[in-house]
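Chain order of the listed sequences is A and B.
First residue of the first sequence? That's 1 in the working numbering, and the numbers climb one at a time after it.
First residue of the second sequence? That's 116 in the working numbering, and the numbers climb one at a time after it.
Simulated from the structure, these hints should not be mistaken for lab results.
Misleading hints may appear alongside valid ones.
Dumping the calculated DSBU-like pairs for lysine-lysine here, alpha-carbon to alpha-carbon at most 35 angstroms [what the hints assert, rightly or not]:
id, chain 1, residue 1, chain 2, residue 2
1, B, K137, B, K184
2, A, K11, B, K164
3, B, K137, B, K192
4, A, K57, B, K173
5, A, K11, A, K57
6, A, K57, A, K71
7, A, K71, A, K14
8, B, K192, A, K57
9, B, K192, B, K164
10, A, K71, B, K137
11, B, K173, B, K137
12, B, K164, B, K137
13, B, K192, B, K173
14, B, K164, A, K71
15, A, K14, A, K57
16, A, K57, B, K164
17, B, K184, B, K164
18, A, K11, B, K184
19, B, K173, B, K184
20, A, K11, A, K71
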Amino acid sequence: DTGVSQNPRHKITKRGQNVTFRCDPISEHNRLYWYRQTLGQGPEFLTYFQNEAQLEKSRLLSDRFSAERPKGSFSTLEIQRTEQGDSAMYLCASSLATGGNTEAFFGQGTRLTVV
Amino acid sequence: AQSVAQPEDQVNVAEGNPLTVKCTYSVSGNPYLFWYVQYPNRGLQFLLKYITGDNLVKGSYGFEAEFNKSQTSFHLKKPSALVSDSALYFCAVMGGSYIPTFGRGTSLIVHP
Numbered sequence: 001d002t003g004v005s006q007n008p009r010h011k012i013t014k015r016g017q018n019v020t021f022r023c024d025p026i027s028e029h030n031r032l033y034w035y036r037q038t039l040g041q042g043p044e045f046l047t048y049f050q051n052e053a054q055l056e057k058s059r060l061l062s063d064r065f066s067a068e069r070p071k072g073s074f075s076t077l078e079i080q081r082t083e084q085g086d087s088a089m090y091l092c093a094s095s096l097a098t099g100g101n102t103e104a105f106f107g108q109g110t111r112l113t114v115v
Numbered sequence: 116a117q118s119v120a121q122p123e124d125q126v127n128v129a130e131g132n133p134l135t136v137k138c139t140y141s142v143s144g145n146p147y148l149f150w151y152v153q154y155p156n157r158g159l160q161f162l163l164k165y166i167t168g169d170n171l172v173k174g175s176y177g178f179e180a181e182f183n184k185s186q187t188s189f190h191l192k193k194p195s196a197l198v199s200d201s202a203l204y205f206c207a208v209m210g211g212s213y214i215p216t217f218g219r220g221t222s223l224i225v226h227p
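Using the sequences and the hints given, assemble the complete structure.
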């Protein structure tokens, strides 16, 4: 399967610990997005890369959150000093920014539970 | 700022009947519009998109959506609902920022 891959699928961590999630986008997709989704809500934008450049970051995003996309391939999202309010599904998506290929394809998500 | 409104938290329809899931949007410039479906504990699955051209776009699993510029709407439709269509449906809009903004979602329940 050459879809968007996210690891791990589930993560349980204690409050105050750091966690890191990985996203492998569809090969050759140059845009990569991170979203957060909580129960009963739609995906909330966190950050966006075009190739290796982080072009946009949500103003609502705490400075405890950081993301990287070295070499414009896979991406990591790190949350430092986790809080219970960080518990959510973290979704990664990628798209190919050429012509009419504007739709983003999502991974299965990483479900984070902070206890 | 761009935004999406899905006015119905839940839509109930009997199997075999037509269904409509509503979406209105706000964006500067020409919109790119999308519908996604989400099954429990899964990521979002792309259904269809509007970029330009015909106002009626067709997508996966027999779904279609109608773009109405004057009403800033992009309602999802299907002529005959299946029980297996029961899921969460999300509308999204994207403008010049190339960042999709999603609505809160509508739960579609198709009764046998």
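To see whether the hints hold, each was checked on the structure:
no.	hint	result
1	B:K137 with B:K184	holds (14 angstroms)
2	A:K11 with B:K164	holds (33 angstroms)
3	B:K137 with B:K192	holds (9 angstroms)
4	A:K57 with B:K173	holds (33 angstroms)
5	A:K11 with A:K57	holds (23 angstroms)
6	A:K57 with A:K71	holds (19 angstroms)
7	A:K71 with A:K14	holds (31 angstroms)
8	B:K192 with A:K57	holds (34 angstroms)
9	B:K192 with B:K164	holds (13 angstroms)
10	A:K71 with B:K137	violated (40 angstroms)
11	B:K173 with B:K137	holds (16 angstroms)
12	B:K164 with B:K137	holds (15 angstroms)
13	B:K192 with B:K173	holds (10 angstroms)
14	B:K164 with A:K71	holds (30 angstroms)
15	A:K14 with A:K57	holds (26 angstroms)
16	A:K57 with B:K164	holds (25 angstroms)
17	B:K184 with B:K164	holds (15 angstroms)
18	A:K11 with B:K184	violated (43 angstroms)
19	B:K173 with B:K184	holds (17 angstroms)
20	A:K11 with A:K71	holds (26 angstroms)
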